[in-house]
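Chains as they are written, first to last, in UniProt numbering: chain U, 1 to 332; chain W, 1 to 630.
Worth double-checking, as some hints may not be accurate.
Result set (DSSO-like, lysine-lysine): computed pairs, CA atoms no more than 27 Å apart in a straight line [stated by the list, open to error]:
hint, chain 1, residue 1, chain 2, residue 2
1, U, 242, W, 263
2, W, 365, U, 242
3, W, 365, W, 263
4, U, 223, U, 242
5, W, 508, W, 345
6, W, 445, W, 263
If you only want the chain U side, here are some residues facing chain W, beta carbon under 8 Å, derived [claimed, not checked]:
hint, residue
7, 230
8, 247
9, 285
Quick partial rundown of chain U residues pointing at chain W, CB under 8 Å, derived from the structure [as the list claims (entries may be wrong)]:
hint, residue
10, 94
11, 223
12, 227
13, 228
14, 232
15, 233
16, 234
17, 235
18, 236
19, 243
20, 246
21, 313
22, 314
23, 322
Honestly, the hints are just simulated from the structure, not real lab data. Note that CB positions come from ideal geometry on N, CA and C, so glycine has one too.
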Amino acid sequence: MLRYIIWRIAVMIPTLLIISALVFTIIELPPGDYFDSYIAELRAQGESVDSERIQLLRKEYGFDKPPVLRYFYWVGGMLHGDFGYSFEYDLPVRDVVGDRMWLTILVSFVTIVFTWIIAFPIGMYSATHQYSWGDYGLTLIGLLGLAIPNFMLALIMMYFANIWFGTSIGHLMDQKYLGEPMSWDKAKSVLEHIWIPVVIIGTGGTASMIRRLRANLLDELHKQYVTTARAKGLSPFRTLIKYPLRMSLNFFISDIGSILPAIISGAEITAIVLSLETTGPMLIKALQSQDMYLAGSFLMFLAFLTVIGVLISDLALALLDPRIRLQGGSTK
Amino acid sequence: MDSSTDLLRIEDLSISFAIIGGPIRAVRHASLRVLPGKVTALVGESGSGKSVISQAVMGILPHTAHVHGRILFSDPATPGTTVDILQMPRDGREIRTLRGSRIGKIFQEPMTSLSPLHTIGNQVSEVLQIHTNEPAAKRKARTEEMLGLVGFSNPRRAYDMYPFELSGGMRQRAMIAMALICRPALLIADEPTTALDVTIQAQILQLLRELQTKLNMAMLLITHDLGVVANVADEVVVIYHGEIVEAGPVDAIFRHPGHPYLKGLMAAVPHFDLKPGQRLAAIREVPVNVENLLGKRKTPPPKGQDILLSVKDLSKTFTTRKSDWLGKEQKTTVRAVDGVSFDIKCGECLGLVGESGCGKTTVSKILMRALTSDSGSVVLNDDAGPIDVLAAQGAALRTLRTRIQMVFQDPVSSLSPRMTVQKILSEPLEIHERGNARSRLAMVKNLMQAIGLDQHFINRYPHSFSGGQRQRIGIARALALSPDLLICDEPVSALDVSVQAQILNLLKDLQKDLGLTYLFISHNLAVVDYMADRIAVMCRGRIVELAPREVLLRKPIHPYTRSLVAAVPFPDLDRRMDFKTLNLGGAADTSAWGPQFRDDGEDNALAPLDLGSGHFVLARRTTDIRELRP
């Protein structure tokens with residue numbers, strides 16, 4: 001098993017290298033670079049362009065060098081925490097992203113926990129009371145949550161919040177705390193704001209998780225070992241928790257791999273609608289303006305999360321399921 | 001009858017299931033009793049309602065069931081009190097204290113009735129955790145003691161093992177430990193040995209009988225196997241279509257069966273005393289009409305002269321990897337098939353017998369080219385000349401496919417649920433581009449006629465047929481290309497006794513009328529005895545004995561064959577199994593064999609010795625033939 005873990009971590013390195021090459025290539029694909037779009041923007045505004053200064057900047061940031069060389073600079077920089085320079089913000093990428101990254105992770109984490117807390121009891125209820133009114137009702141609500149796009153829900157909630165409470169529910173904190181260092185009041189403000197994006201972003205995920213948990217549990221509930229547990233005299237609830245639920249957890253654990261990146265990248269549109277201080281809107285803007293180091297760092301971050309998520313889910317599966325841990329594959 | 005003497009009394013029990021299209025009455029006015037310390041066998045076919053009764057006693061019927069009647073349980077631990085199980089609230093505290101503690105249950109499928117994610121110890125000691133207040137250490141000690149009692153040689157190790165690390169027989173033992181750990185007054189065993197090999201079955205029956213006497217426990221044994229009943233039961237209750245048709249002490253039932261169904265059931269079981277040529281009396285005989293297939297019949301050479309299939313030195317190894325947390329990896333190589341040689345003559349039926357895991361299915365898969373063998377040769381003597389089965393490619397392989405066909409064990413999963421009978425039967429013809437649409441349809445109809453299936457069913461899907469009918473469709477599919485050799489891999493082991501007789505008779509008739517040759521694989525010696533002309537016994541990938549059937553079953557030489565024969569339960573009270581002679585380490589435990597049959601780790605030490613008249617026994621090369629005779 002130890003060998004398996006080491007092997008898995010070792011495999012991550014070439015995976016991430018390949019991803020970084022792909023990310024770099026895709027960012028390089030559109031003609032021109034940040035300076036070209038910068039010049040175009042200035043010209044459009046009727047301002048004069050100091051071409052000498054541009055050339056100087058190009059040289060400084062290595063844009064006169066061949067792409068392969070720049071790729072290695074970029075990757076080498078990332079290895080010691082230098083993610084490059086954002087031209088758009090005139091700041092190192094790390095400083096641009098820094099605060100937002102933590103907020104994004106906070107929102108994602110709370111959303112995941114929210115999804116689980118809501119989805120698990122409902123899924124268990126739906127499966128054990130199949131075809132009851134409760135099941136149908138919860139299924140209907142779940143399907144509604146699944147069918148309504150997140151940004152739409154965000155717009156609706158903003159509208160009603162404005163009408164009923166007269167407040168704007170956008171942003172993750174009161175505007176006066178923006179850019180402020182962390183303080184007790186800022187944390188409180190974040191907590192006040194965070195539940196709305198969490199509910200909005202979490203609805204879709206909750207609904208689909210309820211559906212999957214219900215389907216998986218229904219498969220397990222009629223298995224023979226459940227009857228065995230009942231024949232031992234175990235109470236119905238403890239039977240449910242110990243046997244079928246445990247068995248149906250596998251799907252859920254293998255989901256972790258995709259949940260991390262999906263929640264971070266999938267929330268962009270909602271984040272724009274709600275003007276959240278997360279990374280989503282920033283990524284889209286960076287891609288639009290060809291701010292290549294910023295965009296590249298984002299994509300690498302997402303890739304890294306995916307790879308880590310898959311690793312975590314694989315290890316957790318091996319931990320939880322003795323069949324995966326102990327049964328070697330046989331060759332034919 | 002005085003109800004206080006009965007441990008369990010079921011009075012006028014009716015169970016029906018509400019489903020779309022009207023209720024199904026699974027059990028109708030059933031009454032039976034179980035005496036304390038005695039074994040009552042409940043006998044019937046699948047679907048007769050016997051399992052439903054056992055579920056009602058445990059209170060674990062599905063929600064859709066409606067129950068009427070009384071199930072009275074008089075616990076000897078609290079004399080004088082009788083409770084009606086049906087009056088207890090569903091899954092309530094009262095019934096839960098009975099379950100597991102006073103009434104234990106063993107299920108049919110040891111593979112699926114244990115949770116794969118929890119250790120054996122965890123699952124067994126859970127019963128104690130529910131019903132007693134003992135501290136964890138005491139529970140563990142009692143669990144280990146119980147595991148030792150049911151035959152785990154190392155209970156401490158077994159405690160931490162997972163079910164998938166154990167064989168079927170060992171899992172069933174763990175199941176028994178779980179059911180008995182609280183010393184229940186009543187044990188319900190629902191087909192406890194049906195999924196197991198005969199030798200394991202004998203061990204489990206012996207164990208159940210021993211524990212039952214030791215703990216003075218009553219047992220409700222649910223089974224369809226009359227052989228098991230004759231060997232274990234004190235009283236017998238026969239159930240047919242939800243109604244109890246006969247009940248009484250085992251002697252009376254076996255010596256003077258009254259109800260026609262019971263008589264039919266007894267006649268349908270193949271047993272070793274059948275005279276050559278005697279037919280089994282299937283409860284529902286199927287008329288066979290192969291007239292329209294006869295045109296396909298080749299004129300086979302006189303029976304037993306020509307060798308159709310010749311297998312020489314076939315070997316196949318499987319490698320499994322197993323690793324633990326620290327990365328130590330063990331590679332184990334299993335010789336699934338080890339130097340197997342045999343010939344099948346034209347028109348004969350060669351039986352291949354052995355316990356599960358002995359390699360008999362691997363042999364059949366190699367013959368079908370589903371697996372690739374490591375070494376050896378297989379030659380099929382076709383009309384057009386010999387075909388090298390293992391090397392055939394392209395056109396030769398296509399021809400080969402039409403010459404060898406297979407009938408599978410599980411009639412449910414071997415037919416595509418999305419194809420109609422017509423499509424299933426005409427698919428082989430389409431693949432091999434035989435005829436046009438019209439001639440194929442005619443062929444399909446002929447095939448259906450041959451297996452006794454009404455032609456109106458031609459557009460039905462497999463799910464609308466019973467297990468026996470599906471197996472007949474499987475046989476028809478195998479016959480579609482009019483092959484020479486039919487490999488039947490446990491064709492009746494998933495079927496009820498009454499249906500089993502029907503399928504066996506059908507196979508026999510087809511063989512006679514179409515001149516087919518069979519390789520008949522089974523773990524059931526009585527079935528092979530009924531079907532085969534010669535029988536080969538396989539153990540650990542090797543053929544240990546090969547002889548004409550009357551010799552092999554009556555005068556077996558090899559110790560493995562003998563323990564197999566000894567483990568077969570006879571449905572005959574005068575020939576009860578002698579549990580003492582059973583090899584407790586399992587029939588394949590070589591340490592109990594005589595030295596002349598063991599290779600003691602040497603390669604190439606054993607060779608098949610000819611005892612004359614086609615009787616071969618695997619023994620040491622240096623052995624004198626006279627030494628082998630007991």
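Checking against the hints above, which ones are violated? 1, 2, 3, 6, 9, 10, 21, 22
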